[in-house]
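Trainee: Below are the chains, spelled out letter by letter.
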Amino acid sequence: MKKYNFYLMLLFLSSLLSGCVETNILDKIGLTTIVGYDLGTEEKMEITAVIREVNPEFQSNVEIITTENDTSKGNRMKANRQLSKKITVGQMRVILFGEKLAKENLHYYIDLNLENANVSNGLYMAVVEDETAPLLNYEYKNIDDIGQHIFRLLEQNISQEYMISPTLHETAHDFYSIGRDIAMPIIKRNEEHIEMSGIALFKGGTMVSSLPVKDSFYVKLVRDSFNSGFFETNLKEEEMPPGLLKKPSSEIPIVFDAIRSKRELKLIDASTPEFDLNLKLKARVLEIYPDVNLGDPELVKKLEKTISKNLANEISRVIAHAQEVESDIFGFGEKYRSKVRNSELTKEKWHEMYKNMKVNVNIDFIILRNGVFE
Amino acid sequence: MKNSIRLSSKDMINAYLLFFVIHSAQVGVGIQGFQRIIYQDAKHDAWISVLVAGLATHIVAFCMIKTLEVYGSNDLYGIQQDIFGIWIGNFLNALYVVYCFIAFFSVLRNYIEVIQAWIFPNLGTWFLSATLLLIIIYAFTGGLRVVVGVSFFSVILALWIFPMLIFPMKFSSSEALFPILETNLSSIFKGAQSMTFTIIGFEILNVIYPFIKEKKKVKKYVHLGLLATTIIYLSVMMVSITYYSEGKLLKTIWATLTLFSFISFPFMERFEFVAVCFWMLIILPNLCLYLWAAYRGTIRLVKISGTKFVWIFSLLIFIGTLIVQTRTQINSINTHFGQIAFYIVFIYPIFLFMITMLKKKITSRKG
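If you read the sequences in order, they're chains A and B. Just so you know, we're using our numbering here: the first sequence kicks off at 1 and counts up by one. Just so you know, we're using our numbering here: the second sequence kicks off at 1001 and counts up by one.
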């Protein structure tokens, strides 16, 4: 046993060495929660960072610093010169891009954040209408910590599936995928609030167009399967079957929730290419106006058909728009690559084919139930 | 036959422990980032390469066991001395010791690189390598039974990491795997060959064989251990292919660790930091076993005590880790080592097996 005592001692002593490594004490660091990138006026990039400083005695303090430099780390150094605490990025939750910057190219910025091991792959990315600096620098009446606020705003909308999920991982995945393009939410300042105003469509690393926020439901339907969500649409008069309404009306707004959808995508012709998109939706009717009698099974069938037709039209419209700007945010290209052998697909090649792609949208809509009162 | 090793049963280990030894010797630093290397060759059929490589380990292990069974209770060093004579045999033994040395070195240096890249960029290499070496020296001086114990606990304590693969699966799409077998066969085999660096370690069987109590059960546990490794590699590869897109996987250096970077719990923001630190437990048996194997070879060549040997060995490794500083150097060591290891671990045992069989035939005819 004596023989080992020496080693035991050494081992024990070396455990004390753990105190010698780099320390990050909460009181002495500034936690960056949001970083906003903009095109710089003089130098390459302008960065606005929302930094949360934790004070043990007082309330935490949120600092917003805007700097301009050629590199991101250069900006960090510049910001560091203005702060009493060391800046860290481990708690970064959201990365925002100014619209002008997004319209140039985000490739560099995606790689930048992937390279850094301190940056989590789960953070959200979004585009800001116009520029990020004014959005972050504005003093909102009811928002204490803008960093947390924007993060929560995105998080709750994404987890409830109102908005597409734009994590760093997914964004990078789509960027580096041959048959898929990036889509990100767009946010903007609306008086004293911050709101989501749309979806940005990208071609490669460049933002080429946007869709209104209402369309995020259709985009989500085509991209993935759905598990929750909530949706409102307007059925037009010409889509309505006769006899559905007691009183004729030009439009019926209708709201569903608890939507479950199953998406099935089939490549039926590789040369055009042509896809069959079969969507199976099950939902609960939450609100319908004016009164429609849902007790009659005949009428329910008719209503289901009408809704299916309406959804199919809307989805086709959204896909057509994305095709026009050559942005495959739905991942049709991935399907094509996985089905066609030795296609040797590249992103450019796919964008060429994507323009002429045909999609047949078939929707099978089932009304499960309405509320507890008919 | 001569030079066989006689041991008292108190120095021997049970056969079922071989499962842990083989498995823990295989899984080490390679698994942290093997995906992109295989993917470069085999594209989305990389998982087939993993299967092929797994199958190859079974075949090679079969040959190893057959060779060892001929000698009853002897290790590779004794067999080489017997077959090739003292001079050539000892030369080959020395080569094998060098191989163990380089394997040890490359595991250690790669792990240090991971720590420096992920968590402590400013921490000196010398510090990490000295602390790790101290633990290994401590384990080694305890003898084989301690080393095997380390293997056992390394497997048991790291079991919980495997189910963590479920989290990234939420973001995977099986489409990425299709069309199956689009890559041509030669690329798939090339990918399988690139697996060498990740999948080696089971050659420890050559050295540990005489220490197993129930020789008859060796086969079963060795193959089970290899199977477990193949299953783990296969699932990690499958999840990686479906989770990353083509371009992203090729650019991700430690794809397994990046897989974990998505996971966050309310009580733990960044899971992969824990995984990186915990990996020390996974590489520990790797290091201990290679060190032990090198020692077994050295005592056939020169008379040296274990303590003396381990200090000299560690000092050389320590100096080595200081010389190799950059990523490019480490990568080139990995590639070259992988190529050499392919011949030592996969080709040579089959060759040795054939010679042994030939020799057995000749001697039995004479007798």
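Simulated from the structure, these hints should not be mistaken for laboratory data. One or more hints might be untrue.
[Stated by the list, open to error] Straight-line alpha carbon distances no greater than 30 Å define the calculated DSBU-like cross-link-like pairs of lysine-lysine that follow: (1) B:Lys1251 to A:Lys355; (2) A:Lys339 to B:Lys1359; (3) A:Lys236 to A:Lys339; (4) B:Lys1043 to A:Lys347; (5) B:Lys1251 to A:Lys339; (6) B:Lys1170 to A:Lys339; (7) A:Lys262 to A:Lys309; (8) A:Lys280 to A:Lys236; (9) B:Lys1303 to B:Lys1213; (10) B:Lys1043 to A:Lys203; (11) A:Lys358 to B:Lys1043; (12) A:Lys358 to A:Lys282; (13) A:Lys355 to A:Lys280; (14) A:Lys214 to B:Lys1213; (15) B:Lys1170 to A:Lys266; (16) A:Lys73 to A:Lys214; (17) A:Lys73 to B:Lys1251; (18) A:Lys203 to B:Lys1251; (19) A:Lys347 to B:Lys1251; (20) A:Lys44 to A:Lys203; (21) B:Lys1251 to A:Lys349; (22) A:Lys44 to B:Lys1251; (23) A:Lys282 to B:Lys1170; (24) A:Lys347 to B:Lys1170; (25) B:Lys1251 to B:Lys1010; (26) A:Lys309 to A:Lys266; (27) B:Lys1066 to A:Lys355; (28) B:Lys1359 to B:Lys1066; (29) B:Lys1010 to A:Lys262; (30) A:Lys347 to B:Lys1190; (31) A:Lys349 to B:Lys1308; (32) A:Lys266 to B:Lys1043; (33) A:Lys301 to A:Lys358; (34) A:Lys349 to B:Lys1066; (35) A:Lys339 to B:Lys1190; (36) A:Lys203 to B:Lys1170; (37) B:Lys1251 to A:Lys100; (38) A:Lys280 to B:Lys1170; (39) B:Lys1251 to A:Lys103.
Trainee: If a hint holds in the structure, say so; if it doesn't, say that too.
Mentor: Hint-by-hint comparison with the structure:
no. : hint                   : in the structure
1   : B:Lys1251 to A:Lys355  : holds, 29 Å
2   : A:Lys339 to B:Lys1359  : violated, 54 Å
3   : A:Lys236 to A:Lys339   : violated, 38 Å
4   : B:Lys1043 to A:Lys347  : holds, 17 Å
5   : B:Lys1251 to A:Lys339  : holds, 25 Å
6   : B:Lys1170 to A:Lys339  : holds, 22 Å
7   : A:Lys262 to A:Lys309   : holds, 17 Å
8   : A:Lys280 to A:Lys236   : holds, 22 Å
9   : B:Lys1303 to B:Lys1213 : holds, 26 Å
10  : B:Lys1043 to A:Lys203  : holds, 24 Å
11  : A:Lys358 to B:Lys1043  : holds, 29 Å
12  : A:Lys358 to A:Lys282   : holds, 26 Å
13  : A:Lys355 to A:Lys280   : holds, 26 Å
14  : A:Lys214 to B:Lys1213  : violated, 71 Å
15  : B:Lys1170 to A:Lys266  : holds, 22 Å
16  : A:Lys73 to A:Lys214    : violated, 37 Å
17  : A:Lys73 to B:Lys1251   : holds, 21 Å
18  : A:Lys203 to B:Lys1251  : holds, 20 Å
19  : A:Lys347 to B:Lys1251  : holds, 17 Å
20  : A:Lys44 to A:Lys203    : holds, 22 Å
21  : B:Lys1251 to A:Lys349  : holds, 22 Å
22  : A:Lys44 to B:Lys1251   : holds, 25 Å
23  : A:Lys282 to B:Lys1170  : holds, 22 Å
24  : A:Lys347 to B:Lys1170  : holds, 25 Å
25  : B:Lys1251 to B:Lys1010 : violated, 50 Å
26  : A:Lys309 to A:Lys266   : holds, 20 Å
27  : B:Lys1066 to A:Lys355  : violated, 62 Å
28  : B:Lys1359 to B:Lys1066 : holds, 13 Å
29  : B:Lys1010 to A:Lys262  : violated, 62 Å
30  : A:Lys347 to B:Lys1190  : holds, 26 Å
31  : A:Lys349 to B:Lys1308  : violated, 64 Å
32  : A:Lys266 to B:Lys1043  : holds, 23 Å
33  : A:Lys301 to A:Lys358   : holds, 28 Å
34  : A:Lys349 to B:Lys1066  : violated, 54 Å
35  : A:Lys339 to B:Lys1190  : holds, 24 Å
36  : A:Lys203 to B:Lys1170  : holds, 25 Å
37  : B:Lys1251 to A:Lys100  : holds, 27 Å
38  : A:Lys280 to B:Lys1170  : holds, 21 Å
39  : B:Lys1251 to A:Lys103  : holds, 24 Å
This entry does not satisfy hints 2, 3, 14, 16, 25, 27, 29, 31, 34, going by the numbered hints stated previously.
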